[in-house]
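Undergrad: In order, the protein sequences belong to chains H and R.
Residue numbering for the first sequence follows our numbering, beginning at 1 and increasing consecutively.
Residue numbering for the second sequence follows our numbering, beginning at 1001 and increasing consecutively.
Think of the hints as simulated: they come from the structure by calculation, not from any bench.
Careful: at least some of the hints might be erroneous.
Anything over 12 Å on all C-beta distances counts as not near chain R; from chain H, calculated [said to hold, decoys possible]: (1) 29; (2) 258; (3) 376; (4) 380.
Covered stretches of chain R (chain H as the covering partner; in silico rule of three or more C-beta atoms under 8 Å from a C-beta of chain H) [claimed, not checked]: (5) 1067-1078; (6) 1164-1172; (7) 1210-1220.
Where a beta carbon is used, it is the ideal one built from N, C-alpha and C, also for glycine.
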Amino acid sequence: MTDALNTYRSGPDERGHFGTFGGRFVAETLMPLILEVEQAYEEARRSDDFKREQDYFLTHYVGRPSPLYFAERLTEELGGAKVYFKRDELNHTGAHKINNTMGQILLARRMGKTRIIAETGAGQHGVATATVCARFGLPCVVYMGATDMERQKPNVFRMKMLGAEVIPVTSGTGTLKDAMNEALRDWVANVESTFYIIGTAAGPHPYPAMVRDFQCVIGEETRRQLHEAEGRLPDTLVACIGGGSNAIGLFHPFLDEPDVRMVGVEAAGHGIASGEHAASLNGGRPGVLHGNRTYLLQTDDGQIVDAYSISAGLDYPGIGPEHSWLHESGRVDYVAVTDDEAMEAFKLCTRTEGIIPALEPAHALAQVMKMAPDLPRDHLLVMNLCGRGDKDVFAVAERLGVSL
Amino acid sequence: MAATRTAPSRVEKRFAALKEEGRSGLVTFVTAGDPDMDTSWEILKGLPAAGADIIEIGMPFSDPMADGPAIQAASQRALKGGATLAKTLDLVRRFRQEDAATPIILMGYYNPIYSMGPQRFIEEAVAAGVDGLIIVDLPPEEDDELCDPAVAAGLHWIRLATPTTDDKRLPKVLENTGGFLYYVSVLGITGTRSALADQVAAAVARFRRHTDIPVAVGFGIKTPEQAAAIGKVADAAVVGSAIVGRIEDSLDPDGKATAQTVPAALDLVSALAGGMRGKVPA
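Only chain H is shown next, with the shape it has when bound in the complex (with noise of 0.2 Å):
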């Protein structure tokens, strides 16, 4: 498997399968659902209705496309590689989660589905979810950890006020995982009603490849303005790690051009010899949960243990199979960036590009930070800014001991 591929972006096998990773690992109730859900994702995928219907909102909903931006002082205070963000934190909601619910709700929508439920970690994809829910008029229910809750208010009470009700999680340890957990006994109950949208690019086939597909637009822009504007093809691309559906979304497109390097930047959150960070790849080993294979936080055991990470949107212990797989096949290089490091990027990008970002994509930077100054100026750099800081500000000033 180490050996270059003819491609990488055939993926998954027909059962779901990117390599070893992946799959269909759920419950029998819910299989018939699974099966419905990929056979009506097949055929909204090849229908120009609904190719049209998602780039009209994608157009003048969302906001697309985002722009290409030159970051020119970034660049300079740097000194090295020339470095681009793809401002997907300027979208409709204030991060890339929005490409993905909108494509899900109008397959939900296809698919007659009545009722959505989500689940939500630090609350931008429960946002998204409650968003487009909002938009088509569909009650929404969105998981929420209660710890998760206590920290982000202001995503809660937004929520709330898009009309969506939110369910405080305090099973397990009442985090991200727990909430993906008790969506999935909410939609074995609820099957014939209910659609599951998904936030990340995990979960069972066909979710990794769906999501991925609807977050490809990310990549694909890249493609074009980075065309538009140097006339050739990036030489690294950089986006942050959570489930991953926003690296996914920037890579994928490029996964076939064996001189565009891409690096995907976990949460090492304390550092990962601590033992509390959310790096799957980086500190983690292959097991199976929610419903696919792919790398996970856990014990000796085989039991989850809880990820940790300064941004809420990346302490997930989990991470979409196809990035296990590009781990292993080596086409991506998976680095991890600590608590600290992500805080510094914050700061400077604040400073000196005048964008504050979502911690998530300071992550990113913060492995920009140590890429580019190496690299020759006529190299180009494009990092993913997936999400704007506006929801973390609260945390960040606690971090730097301001009360507000």
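Position chain R relative to chain H; hints supplied.
TA: Here is chain R on its own, set in the frame of chain H:
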């Protein structure tokens, strides 16, 4: 991929004996190591005498996606008490030294098994005296993971059928299923809703048109009356959350076992068994 078994298995013998007695069976579920290994052993040891015909042992998992609050809490208690998959297998080994006849089914999720290594798990399970497996998150689409080698090693692979298992899906579910078919009578998670006996009867009748293997019905059965009603239409009734709930109720404020814990669980099992044998519970 037929089993290489020559003699009837414990499960098959048990259902044959039940048929001879003219009654349906009681399948009881407890989580291994809940609330601690010693108490769990005492409960397990007492189950056959209390009237359990088949014993299901839950393998604790941090993320039991198909389970309701009662069994989730049991898993958490067990893990907190130091339960592991290896210790679950020890429990079965110990049980087998005292009881050679009561079938033991392990129920749980795939990750701890995957973590141990499927082949090693199968070898140890067979050696310990396990009779069958119910792995919630391994549908027929993933049979090559564990089902195929487990069946080849002589274990029963017990599949869940649900109200969403229509006639188109059913043959796929029945393929490789052995010992009995476990009908999850409601949409949802364990221990929440209850099914109506006549709906269950209709579902069981449908399965009988497709298979000769016994049908056990579970999810939402809590009382001797409900168990008796299900027993009239199915080959066995499965009770889990109610027993686990009794264990929970008996614990001290720190979640530790008390002198009431073992009797609380076994008394309910006796009452359920009595109900299924047509006796009014004391």
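Undergrad: Let me make sure I understand: some of the numbered hints might not hold for this structure. Which ones are they, in numerical order?
TA: 1, 7
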